[in-house]
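Chemist: Chain A is already provided as a structure; the job is to place chain B on it using the hints.
If you read the sequences in order, they're chains A and B.
Using numbering that gives the first Met the number 0, you'd call the opening residue of the first sequence number 0 and step up by one each time.
Using numbering that gives the first Met the number 0, you'd call the opening residue of the second sequence number 0 and step up by one each time.
No lab work stands behind these hints, which were simulated from the structure alone.
None of the values given here were measured: they were computed from a predicted structure.
None of the hints are false.
It does not matter which identical chain is used: a pair holds within one copy or between any two.
Capping the alpha-carbon separation at 20 Å, the derived lysine to any residue pairs in SDA-like fashion look like this:
| # | residue 1 | residue 2 |
| --- | --- | --- |
| 1 | LYS92 | GLU80 |
| 2 | LYS428 | GLY308 |
| 3 | LYS439 | ARG376 |
| 4 | LYS92 | ARG343 |
Number of protein chains: 2
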Amino acid sequence: MFETAELGHALTKDEYNERVPRLREELLTIQRQLADAPFPVLILLNGVDGAGKGESANLLNEWFDARYLETHAFDAPSQDEAERPRYWRYWMKTPQRGTIGIYIGNWYTQPIISRVIGDANDEDLAKQLAHVRNFERMLADDGALIIKLWFHLSKREQKRRLKKLESNKETSWRVSKQDWKHFKHYDEFRIVSERALRDTSSGQSPWTIIEGTDARYRAVTLGEHILERIQEHLATHAERTKSAPPDPNVADPLTILDRVDLSKDIEKADYDHELERLQGRLNKLSRKVRKKGVSIVIVFEGWDAAGKGGAIRRMIRALDARQFRVIPIAAPTQEERAHHYLWRFWRHIPRPGRFTIYDRSWYGRVLVERVEGFAARAEWRRAYAEINDFEEQLVESGTVLVKFWLHLSPEEQLRRFKEREEIPYKQHKIGPEDYRNREKWNLYESAADDMVSQTSTEHAPWTLVSAESKQWARIQVLKTVCDAIEARLGK
Amino acid sequence: MFETAELGHALTKDEYNERVPRLREELLTIQRQLADAPFPVLILLNGVDGAGKGESANLLNEWFDARYLETHAFDAPSQDEAERPRYWRYWMKTPQRGTIGIYIGNWYTQPIISRVIGDANDEDLAKQLAHVRNFERMLADDGALIIKLWFHLSKREQKRRLKKLESNKETSWRVSKQDWKHFKHYDEFRIVSERALRDTSSGQSPWTIIEGTDARYRAVTLGEHILERIQEHLATHAERTKSAPPDPNVADPLTILDRVDLSKDIEKADYDHELERLQGRLNKLSRKVRKKGVSIVIVFEGWDAAGKGGAIRRMIRALDARQFRVIPIAAPTQEERAHHYLWRFWRHIPRPGRFTIYDRSWYGRVLVERVEGFAARAEWRRAYAEINDFEEQLVESGTVLVKFWLHLSPEEQLRRFKEREEIPYKQHKIGPEDYRNREKWNLYESAADDMVSQTSTEHAPWTLVSAESKQWARIQVLKTVCDAIEARLGK
Chain A
0 MFETAELGHA
10 LTKDEYNERV
20 PRLREELLTI
30 QRQLADAPFP
40 VLILLNGVDG
50 AGKGESANLL
60 NEWFDARYLE
70 THAFDAPSQD
80 EAERPRYWRY
90 WMKTPQRGTI
100 GIYIGNWYTQ
110 PIISRVIGDA
120 NDEDLAKQLA
130 HVRNFERMLA
140 DDGALIIKLW
150 FHLSKREQKR
160 RLKKLESNKE
170 TSWRVSKQDW
180 KHFKHYDEFR
190 IVSERALRDT
200 SSGQSPWTII
210 EGTDARYRAV
220 TLGEHILERI
230 QEHLATHAER
240 TKSAPPDPNV
250 ADPLTILDRV
260 DLSKDIEKAD
270 YDHELERLQG
280 RLNKLSRKVR
290 KKGVSIVIVF
300 EGWDAAGKGG
310 AIRRMIRALD
320 ARQFRVIPIA
330 APTQEERAHH
340 YLWRFWRHIP
350 RPGRFTIYDR
360 SWYGRVLVER
370 VEGFAARAEW
380 RRAYAEINDF
390 EEQLVESGTV
400 LVKFWLHLSP
410 EEQLRRFKER
420 EEIPYKQHKI
430 GPEDYRNREK
440 WNLYESAADD
450 MVSQTSTEHA
460 PWTLVSAESK
470 QWARIQVLKT
480 VCDAIEARLG
490 K
Chain B
0 MFETAELGHA
10 LTKDEYNERV
20 PRLREELLTI
30 QRQLADAPFP
40 VLILLNGVDG
50 AGKGESANLL
60 NEWFDARYLE
70 THAFDAPSQD
80 EAERPRYWRY
90 WMKTPQRGTI
100 GIYIGNWYTQ
110 PIISRVIGDA
120 NDEDLAKQLA
130 HVRNFERMLA
140 DDGALIIKLW
150 FHLSKREQKR
160 RLKKLESNKE
170 TSWRVSKQDW
180 KHFKHYDEFR
190 IVSERALRDT
200 SSGQSPWTII
210 EGTDARYRAV
220 TLGEHILERI
230 QEHLATHAER
240 TKSAPPDPNV
250 ADPLTILDRV
260 DLSKDIEKAD
270 YDHELERLQG
280 RLNKLSRKVR
290 KKGVSIVIVF
300 EGWDAAGKGG
310 AIRRMIRALD
320 ARQFRVIPIA
330 APTQEERAHH
340 YLWRFWRHIP
350 RPGRFTIYDR
360 SWYGRVLVER
370 VEGFAARAEW
380 RRAYAEINDF
390 EEQLVESGTV
400 LVKFWLHLSP
410 EEQLRRFKER
420 EEIPYKQHKI
430 GPEDYRNREK
440 WNLYESAADD
450 MVSQTSTEHA
460 PWTLVSAESK
470 QWARIQVLKT
480 VCDAIEARLG
490 K
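Chain A on its own, in the form it takes in the complex:
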């Protein structure tokens, strides 16, 4: 795989001087065109130590307009980063549409190093690479152009390079003990890297290997490749994102929601007693949660007027205000729209010992966005896998994840709408849109059915709650949350 990058590619100074001025002009032009494009560009600089990753990043900052790109290097995670799922920091640094992000020391670095000199085995590596593939596919499916560049040096050339850097007083600081330690493992690095490249080269996001020996060749190849890829992506993105014909949106006659027993209810006296007991239990558990540094994510979905707000209010009464955050999902902000749709949920992932309660969530993609046609069919179809991957990462990092669908009958919903219209301080909660949504009840029901069947996983099961009685629903919600925390912590 790397043989073609050991052929001794080089450019003379004249060749370089002839090609570079034009290249720079074109890079600036394409960057300006990119500014209005609906996708971001990620440039990954990986490869052998000393093959020019850092120099390439510097060069790109010089050739492009540095004001409209960001360079990220991920070393050891900071405290904020270490406290969250591994990909949180990568998500947070994804570039906005129309901009370029350059990544050195990225999501490939740690999987490769820990396989070669850490204690990861082949299976661990495979698992890590699967995460990489999922992550990149999500971004690419969303339109992102991911340019992955691997800078290569032969073993002999790397040794020569390190020695040369070391012998010069001006550059010796750049060679660390770790570089020599890595060099001793050159052959293993080569094998593992080759596997990583093979396993993560996709049609959407292929790897390009660049010979790193000659600085001029490397620079021009880098620039021309990036230029070409951006030009191509700009030329084809309209085609790629051409929307499919609207979804027929056929309603399913029988859904899993039909199995929810809506007759469930609870007596007022029992309710009062149970509520207090469960709030006490949750309060005690919340202190353990803080002590043990566990993160809790609770998701509420369900019909309008099913009582999500009321259930949340009963839950937070048991919690310390410093410990939780309720995130209501409204229209995304400008910054949120400029990122992948999952970005705005990733950013609120709680720190250890904290609760984040999402009042509606990432499932909007496969519910309202699907039914109302805000998401193209391809978009909501692939969202199931994207969501499963996201949730798997949450759970793998030790987070307790609980997902509720609050269910009720169309008749009960109508009754509550009418009630809202009559009580002054509830009138703001009801409008013509709510009635319009009712007309699509069957479509929403089908979408919810698909959602449950596609995303109720072993890691992150759905809890369908009968909300025909608000009291019953509140008790079930509290009980489920307590049980889930207890299952994670022990009693």
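Modeler: Just chain B now, kept in the frame of chain A:
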């Protein structure tokens, strides 16, 4: 000061039950009105341990719609926070317009504690309180409503409270050794707190003391006070923000910019040589900067076409791409507009060992916003003090701050505009607006003159650079940056 909060205020259960339902309804109503208001609300909960700060936060989360407020508690700073100026974390958590932020353990906590049981003396406390006043005044001037509540308990009552909590198995966890340690210092806390309250009670943001003994009295007083303050603020904010008649904007016949010697130039050969030497020097210094963990902030202001971009490009060529970030100041995003105008600059303050280069900056407030009338006269006038305070905090935290004004003659500017129109890849840099701005040259010159005279402080002096020759300017910029870093680090 606290005597009136030791009178034994209390409410019976009946009184409580009579007042609370109406209060809750009104709080929800006012919160909805607030959503469209152009200002945020900050509620500070401070006071004696055990007097009900935490309970009050919980109560407000229950009474208000918790989805539209945020509760923040500042304990020991996280790594990210500790690496930046002290107020960075408070700035980052200021609420957006239309929302409520609740603060426990806020900017008052550490100044008071370190005066009572730390090693701060009266002078240190005075300095801290001055920072508090500046911070709150900035927010209040921007429209924010700051409600500052102090929960008080008499010494006897605090002792009783701590003992009672301790004796109950359910609540004993809430009493720590630290609480008893603080209790031993009750009298000193009282004196220091009184001073803090006196020194920071302003007409805009007064303190309100609430007796914490009786939970019902405390709750109702809290809720009613907050309701009243928000109602009042909503009723008067239109009046308060009524814009003054437009600024006459008289141009000054003679400005400090006239003293810049525009005849300065440098020979091509000298330039090449100097540039290389200075880039080498900066590169070496940048490694020291990283090693020693110093933050560098560089600000570029100046006339259109004065060569800011070119000077920045020559500077970053000497730096590692992982180490710097260039922030171009364009139109603020939605999230940025929802905060105080300084918020969007605070958020990019670099971590230790990094450079942030602002291509235009917070000085826009007193330049373009002043001249074009985007900022009211009161706004840009007070901005000088706000900016000085911001910069003082930067420098106090150890940051190297360098500010450039690139100056040139109107004739040279015109020549460069024409040149831009003729070179294809520069055409995007020039438009009718650039010509329009030229007509206000004198007004901009006066604004720049005021800016320099108001904000060239000992901590953060301006460097006026003759940019009539681009080469000369680039050399001066590099030299000034190197000197400033060297002055901070030693050679």
